[in-house]
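I would like the entire structure built from these sequences, with the hints used as guidance.
Protein chains in written order, with my numbering: chain R, 1 to 343; chain D, 344 to 540.
Because the hints were derived from the structure by calculation, they are not lab data.
Each hint should be verified, as a subset may be incorrect.
List time: in silico PhoX-like cross-link candidates among lysine-lysine, alpha-carbon distance up to 20 Å [stated by the list, open to error]:
(1) D:K455 to R:K141
(2) D:K522 to R:K124
(3) R:K124 to R:K141
Computed footprint of chain D on chain R; a stretch qualifies when at least three of its residues, placed anywhere within it, have a C-beta under 8 Å from a C-beta of chain D [what the hints assert, rightly or not]:
(4) 4–11
(5) 15–23
These numbers come from a predicted model, not from an experiment.
Using N, Cα and C, we set each Cβ at its ideal position, and we do this for glycine too.
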Amino acid sequence: MTVLEDRLRSELRAESELISPESIVPLRLPGDTEHVPGVPRRRGPQQWPPWAIPLAAAAAAAAVIAGTFAAAHMLPGSGPEPRPAGPKYAALPANYAYTVQGDIYNYTSRGTQYSASVTGRYLKVRSTATGKLLATVFPPKPYNNFSMITADASGTVFVLGAMRDWERHAKTRPQVYLENQTTLMRFLELRIGPSGQVQQSSLPLPVTVSPGQEPSIALSPEGSRLAVAFGGGRAPAEVAVVSLGSGRVRRWVSPGVSWTPQLNYRGAWTADGRTLLLQEWPVLRSPSRPALNRYHPPATTSVGLIDTLAPGGTLAAGRLLVLRPPAGESAPGDVFITPTARS
Amino acid sequence: MEGDVAHLSDFTGAPQARTTGPAGLRPQEDTGCAELRAAAHAVTALYRSHALGLTRLAFIVLGDRQSAEDVVQEAFCGLFRAWDRLPEDTNVLGYLRVSVVNGCRTVIRRRKRTPQSLAIPPAPSAEAAMLVGEERRAAVAALRRLPPRQREALVLRYFADLPEQETAEAMGISRGTVKSTTARALAALGRMLREDQ
Numbered sequence: 001m002t003v004l005e006d007r008l009r010s011e012l013r014a015e016s017e018l019i020s021p022e023s024i025v026p027l028r029l030p031g032d033t034e035h036v037p038g039v040p041r042r043r044g045p046q047q048w049p050p051w052a053i054p055l056a057a058a059a060a061a062a063a064v065i066a067g068t069f070a071a072a073h074m075l076p077g078s079g080p081e082p083r084p085a086g087p088k089y090a091a092l093p094a095n096y097a098y099t100v101q102g103d104i105y106n107y108t109s110r111g112t113q114y115s116a117s118v119t120g121r122y123l124k125v126r127s128t129a130t131g132k133l134l135a136t137v138f139p140p141k142p143y144n145n146f147s148m149i150t151a152d153a154s155g156t157v158f159v160l161g162a163m164r165d166w167e168r169h170a171k172t173r174p175q176v177y178l179e180n181q182t183t184l185m186r187f188l189e190l191r192i193g194p195s196g197q198v199q200q201s202s203l204p205l206p207v208t209v210s211p212g213q214e215p216s217i218a219l220s221p222e223g224s225r226l227a228v229a230f231g232g233g234r235a236p237a238e239v240a241v242v243s244l245g246s247g248r249v250r251r252w253v254s255p256g257v258s259w260t261p262q263l264n265y266r267g268a269w270t271a272d273g274r275t276l277l278l279q280e281w282p283v284l285r286s287p288s289r290p291a292l293n294r295y296h297p298p299a300t301t302s303v304g305l306i307d308t309l310a311p312g313g314t315l316a317a318g319r320l321l322v323l324r325p326p327a328g329e330s331a332p333g334d335v336f337i338t339p340t341a342r343s
Numbered sequence: 344m345e346g347d348v349a350h351l352s353d354f355t356g357a358p359q360a361r362t363t364g365p366a367g368l369r370p371q372e373d374t375g376c377a378e379l380r381a382a383a384h385a386v387t388a389l390y391r392s393h394a395l396g397l398t399r400l401a402f403i404v405l406g407d408r409q410s411a412e413d414v415v416q417e418a419f420c421g422l423f424r425a426w427d428r429l430p431e432d433t434n435v436l437g438y439l440r441v442s443v444v445n446g447c448r449t450v451i452r453r454r455k456r457t458p459q460s461l462a463i464p465p466a467p468s469a470e471a472a473m474l475v476g477e478e479r480r481a482a483v484a485a486l487r488r489l490p491p492r493q494r495e496a497l498v499l500r501y502f503a504d505l506p507e508q509e510t511a512e513a514m515g516i517s518r519g520t521v522k523s524t525t526a527r528a529l530a531a532l533g534r535m536l537r538e539d540q
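In structure tokens:
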């Protein structure tokens, strides 16, 4: 045994110990949808498919009501509701997708080592039943990050939003930051067949958005319409619902509002694909320091409900709910709507 | 674990507990639920015993934890699907090792096809840097710069502690090729370490 062999052996051992026994994820065999007994179930992106991301609306329905926001306290007249009779959201989606994080830039400058993480650089799609990897999807050049992802209730149609994200240079080179914020986003559509074949195509939309407009997207439960929300602050706040087949678009616009309409991709649509829920997020775009010092986040959360079949073209025409937190608690951060639209 | 030999019969118990469907029939298509459960139970038991070692092996080859976990999961799922078709005297651990090595090759091939801007080699995490000193990582870092086949040979020989014959079986090459590949890899590794100093 040479010195090199000895050294290699000991380094390999040390390196391998970065994988600890307790970090081993449970085995998921084809057709196995249940927890493997005796194997600890762990949370976190590396150990368990992030069920929040895959647009599993079923999870949304449960999570919502349960109560992160104690909606029952805040919505007048609401109380325990009977279980829905079987909306589309009641079934698990066939597939799920998650962004792969963790690529880290490490670089050294003048003796100091820096690092910056870039999240969501690419994306994987897997079968819910078997865990089988169906596709690995990369953003088209010159984009390098998927910042938005949404899917239909069945988990067979996915829409992904790609952006430029050169975070490494953003702090030191304002021009790069500006380009990141103003380069128009591109959208991709994934359609997954019954046997797992994935069809990927570019999805040109009649509305253009850039990351600086703080856009958000939500695909309707049946996968035929995409809601895109963006703007606000100094620009008009806008929600557009695009029919993916025909390209027809319907817009709701409110100029001069101080908030950004935000769609929660996990629970923005009701199961019938009619009502859309959006949250009004207060924005301070490019604020000065004095403005930041004066800023106080609101004590309530405002939520707009849009009936997408009703006439009207402004966001103000929809029904507005103001959610007040129970005494002693802070304002709700994320808001979902149940499939039945009752809470 | 890496040097162990596990035979299929070790996990199936009595012969009648073995799934007995016709060759080529996948377990999930078998009508016998009990047989399917037995196969699942056996594969799960194997996973409990060997997932750690195989994940570590894949992690060292790939340098990326997520991909290593994916490769190992795929290997066990493949074993489950093939369970019916494997002969009784199959060395299942050897079978899994081959699957993991092949899975790693697929990942490496896929990385090569990745656009240059995205094909950033996985960097060691902060945790890694803390746990293993810079000096101690030099050989591992150099190993990851070796061609995939040389890297595999060194990992199987010096991490998994496999004899030449089992290394040859895992890599799908002859014993003589293992010897020459290992020798070339060690020489290249030594050269890189000297250059890095």
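These are the hints, each one checked on the structure:
1. D:K455 to R:K141: holds, 16 Å
2. D:K522 to R:K124: Roughly 38 Å separates the two Cα atoms, so the pair is violated.
3. R:K124 to R:K141: Holds, at about 18 Å.
4. 4–11: holds (count 7)
5. 15–23: holds (count 6)
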